[in-house]
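Peer 1: As you go down the protein sequences, you meet chains A and B in turn. Note that this note's numbering gives residue 7 to position 7 of the first sequence, counting from 1, and the numbers run on in steps of one. Note that this note's numbering gives residue 172 to position 172 of the second sequence, counting from 1, and the numbers run on in steps of one.
Please keep in mind that the hints were generated in silico from the structure rather than gathered at the bench. Model, not experiment: these values are computed from the prediction. Any given hint might turn out to be false.
To be verified - Below 20 Å or equal to it, Euclidean Cα-Cα: the simulated DMTMM-like pairs (lysine to aspartate or glutamate) are: (1) Lys166(A) with Asp269(B); (2) Lys245(A) with Asp62(A); (3) Lys493(B) with Glu161(A); (4) Lys61(A) with Glu478(B); (5) Lys174(B) with Asp62(A); (6) Lys135(A) with Glu478(B).
Take a look at the letters that make up each chain.
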Amino acid sequence: MMENIQKVDLTKIKPYGDTLNDGMVQMSFTLPVPYGDEANEAAKQLAEKMGFDDPAVVFSKDLGVGYTYFILYGKCTHTVDYTSIEVPKVDMEFMDREEVEEYIKKYIKRDVVIVGACTGTDAHTVGIDAIMNMKGFDGNYGLERYKGINAINMGSQVPNEELIAKAIEVKADAILVSQVVTQKDVHITNLTQLVEMVEAEGIRDKIILVCGGPRIDHELAQELGYDAGFGRGSYANHVATFVVKQIVERNLI
Amino acid sequence: MESKLNLNPRLIDSARSAAKNIAEDVQNFIDKNTTVAVERTVARLMGVDGVDEIDKPLPNVLIDAIKEGGGLSRGAAFWIGNAMVNTGKTPQEIAEMVSSGEIEITKLPIADENKIMEAVYETARQTVERIKNNRAKRDEYLNTLGEGRRPYLYVIVATGNIYEDVLQAQAAAKQGADIIAVIRTTAQSLLDYVPYGPTTEGFGGTYATQENFRIMRKALDEVSVELGRYIRLCNYCSGLCMPEIAAMGALERLDVMLNDALYGILFRDINMQRTLVDQFFSRIINGFAGIIINTGEDNYLTTADAYEEAHTVLASQFINEQFALKAGIPEEQMGLGHAFEMNPMLENGFLYELAQAQMAREIFPKAPLKYMPPTKYMTGNIFRGHLQDAMFNFISIWTHQGIQLLGMPTEAIHTPHLHDRMLSIENAQYIFNNARDIGNDIEFKKDGIIQKRAQEVLAKAEELLKEIEREGIFSTIEKGKFGGVKRSFTGGKGLEGVVEKDEKYFNPFIDLMLGGAR
Ligand code: B12
């Protein structure tokens with residue numbers, strides 16, 4: 001029996017339903033057309049154009065304003081080469097709190113100053129608090145708790161100007177920015193503006209710039225000119241590790 | 001109603017009376033002060049609207065002029081009335097003259113006081129009449145068309161574009177929604193003015209403007225008639241322009257308003273003096289206009305733990321109730337808020353949620369309780385999210401909640417898409433129908449988990465309220481007792497807009513709406 005089961009070819013992977021390479025995908029979407037047979041047909045044709053074989057509309061529903069909702073299955077015809085994938089991420093062994101504290105004592109020998117805020121019109125504080133406040137998140141203490149780190153959390157709705165002014169005032173080693181609202185790409189505009197302002201102040205090479213939030217990843221952060229980006233499930237020790245290592249690597253001691 | 005939770009009525013009374021004293025204490029402060037937002041509202045209610053050539057709203061132009069002239073402590077009504085007597089013009093024309101620099105409103109000769117009063121009250125009565133008519137119109141719709149069954153299905157639209165919102169709102173109504181809330185754009189609560197005209201650009205929501213209110217109310221009236229069911233419209237009466245939004249809502253027949261006494265302080269860092277004075281006038285208007293207010297206790301549970309801090313929600317409900325009573329809002333219009341926000345991994349979490357929802361029902365029997373869905377523990381797993389929402393719906397029908405803000409499976413991802421709303425409405429309708437009378441049939445075991453949980457939360461809330469009663473609300477907030485958020489008496493935004501009243505201060509709308517016959 002065993003020999004009848006195909007082996008996975010990592011250079012050509014496709015979705016799995018109940019048999020290797022069956023390509024099964026479930027999806028749902030709405031089309032701006034009235035409910036009926038024509039609508040179902042439109043959904044099917046669209047799925048074919050998306051690269052699905054044998055698409056089947058298994059459910060559709062009238063949304064009330066001449067729009068229709070569909071649930072479909074289809075067999076994906078494309079494959080991806082898994083072996084050639086490279087994802088930019090903050091690639092390092094994260095130290096825990098004690099290790100970070102030890103590292104600061106040994107290599108930096110002074111307090112590390114970190115200023116953080118949720119900027120622009122964004123009023124979400126839970127994310128930045130999770131990273132910075134004493135209490136931390138999910139049983140992981142925040143930066144305020146770290147010996148050797150002076151963490152200043154400015155809260156939310158902080159204008160970029162104020163954040164930078166504070167960073168200059170306290171001679172911060174790192175600025176941490178949180179962005180949670182991403183609708184219409186407000187976060188991009190906001191994050192870009194901060195980088196431009198930091199550059200205009202002539203302090204870009206003296207400071208470590210880190211951003212975070214549920215829709216942020218390292219790749220995006222780097223594209224926008226940040227040193228690192230942290231998404232969902234990040235903890236204070238991740239950022240702390242990154243910051244202290246950067247200080248040493250970039251010789252900002 | 002017989003208590004299924006075996007709650008101690010003496011504790012409830014004691015909590016309520018502590019809350020009453022807390023509100024009274026603050027009321028003494030409120031009565032001594034006014035704000036730029038309150039005075040802009042008076043201007044609006046006297047008919048001032050529109051913007052100047054740089055898009056600054058005329059109510060702001062007028063009130064800024066009075067403030068600069070050092071006259072705000074007498075109230076805008078006095079200066080507008082005086083200008084009316086002096087010039088024979090309408091408040092709108094006067095605002096335009098102030099804007100163009102034709103007159104300096106605080107430098108006009110002071111006319112006879114009786115004449116000023118006469119002019120002010122005549123204008124004010126017309127507006128009050130218009131709001132009364134709106135109320136009558138709503139009642140007429142409710143009597144002729146009828147309405148959905150409780151819990152009302154409440155959904156949000158948030159495209160940023162009022163015309164796109166209309167499409168989404170009409171679709172939601174057709175799918176079964178009873179209340180449509182147009183979420184406001186992120187930045188609006190911190191604007192110290194209300195934008196003007198129809199708007200098509202917002203982030204995470206749409207600007208609240210009087211024109212947008214009008215456009216949406218008209219669209220919902222159309223769909224109400226088509227469906228034979230009155231669809232209510234909700235907006236956000238919060239931020240730096242609380243009473244102005246209330247006035248606009250009263251003028252355009254909104255039906256529901258988010259309107260919390262403390263939300264702006266805790267979650268938008270608005271100065272506490274400012275918010276408390278603003279909320280009072282906003283609630284007078286909402287009460288008079290027959291608008292159901294929704295308080296925002298659910299928000300505490302986004303920054304604090306829902307199990308640990310449940311008593312702060314109840315304490316805040318008691319306080320919100322007393323503030324609302326002070327502003328003349330009847331219990332039937334108090335949509336006191338709470339939320340289903342416990343960690344879904346908590347063993348027996350459902351029982352605790354059930355206990356708390358039933359507790360709110362028993363303590364505020366007439367209030368159309370506003371129940372908020374899980375948000376904090378929603379994740380990208382939309383399938384589990386749909387289940388979490390189902391659990392929430394089940395409790396709502398079981399405990400007879402009044403307004404059900406439907407949870408969306410995609411809560412952790414984006415503001416609702418067209419079909420997200422349909423799936424949520426379907427979820428609620430299925431459960432509400434399938435378990436309609438469960439609450440009437442099932443009782444809770446004496447001293448079981450559910451009874452004990454409710455009793456414990458009530459006891460802790462009563463204790464907290466007594467502590468606040470001793471300390472005063474201002475210092476309680478300074479210590480971070482609500483939502484774990486600390487705010488200082490003189491910190492936050494908008495304090496510069498608070499002005500102490502002169503003894504001759506008057507606001508005709510407080511007289512007419514709070515004292516006036518309903
Ligand atoms: C709680 C909450 C609120 C609370 C916020 C209270 C507060 N003081 O923070 C309140 C009720 C006030 C609120 C308001 C609004 N909210 Co809100 N809110 C949420 C909710 C439910 C949870 C967010 C949260 O606290 N997550 C928990 C934290 C710990 O997670 P996190 O933020 O992702 O943070 C982690 C990581 O991302 C990372 N991280 C975050 N920041 C940083 C920074 C750095 C430097 C680093 C290293 C790491 C890092 O580390 C953290 C720990 O692991 C989400 C929905 C959801 N379930 O996600 C919606 C949500 C984020 N909100 C949303 C919206 C639209 C709003 C409003 C704009 C609605 C409105 N129009 O009024 C307003 C915002 C107004 C404003 N000016 O910003 C949308 C955002 C949609 C989008 N993608 O743009 C969401 C997704 C809900 C939705 N589906 O509509 N909200």
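Peer 1: Given the hint that lysine 135(A) pairs with glutamate 478(B), test it: the Cα-Cα distance must not exceed 20 Å.
Peer 2: Holds: lysine 135(A) and glutamate 478(B) sit about 19 Å apart, inside 20 Å.
Peer 1: Taking 20 Å as the top limit, are the C-alpha atoms of lysine 166(A) and aspartate 269(B) close enough?
Peer 2: Measuring from Cα to Cα gives roughly 19 Å; hence the hint holds.
Peer 1: Please work out if lysine 245(A) and aspartate 62(A) have their alpha carbons no farther apart than 20 Å.
Peer 2: 56 Å, violated
Peer 1: Taking 20 Å as the top limit, are the C-alpha atoms of lysine 493(B) and glutamate 161(A) close enough?
Peer 2: Holds, at roughly 17 Å.
Peer 1: Given the proposed pairing of lysine 174(B) with aspartate 62(A), does the C-alpha separation stay at or below 20 Å?
Peer 2: Holds, at roughly 10 Å.
Peer 1: Starting from lysine 61(A), check that the Cα of glutamate 478(B) is at most 20 Å away, please.
Peer 2: 52 Å, violated
In this structure, the hints that do not hold are numbers 2, 4, in rising order.
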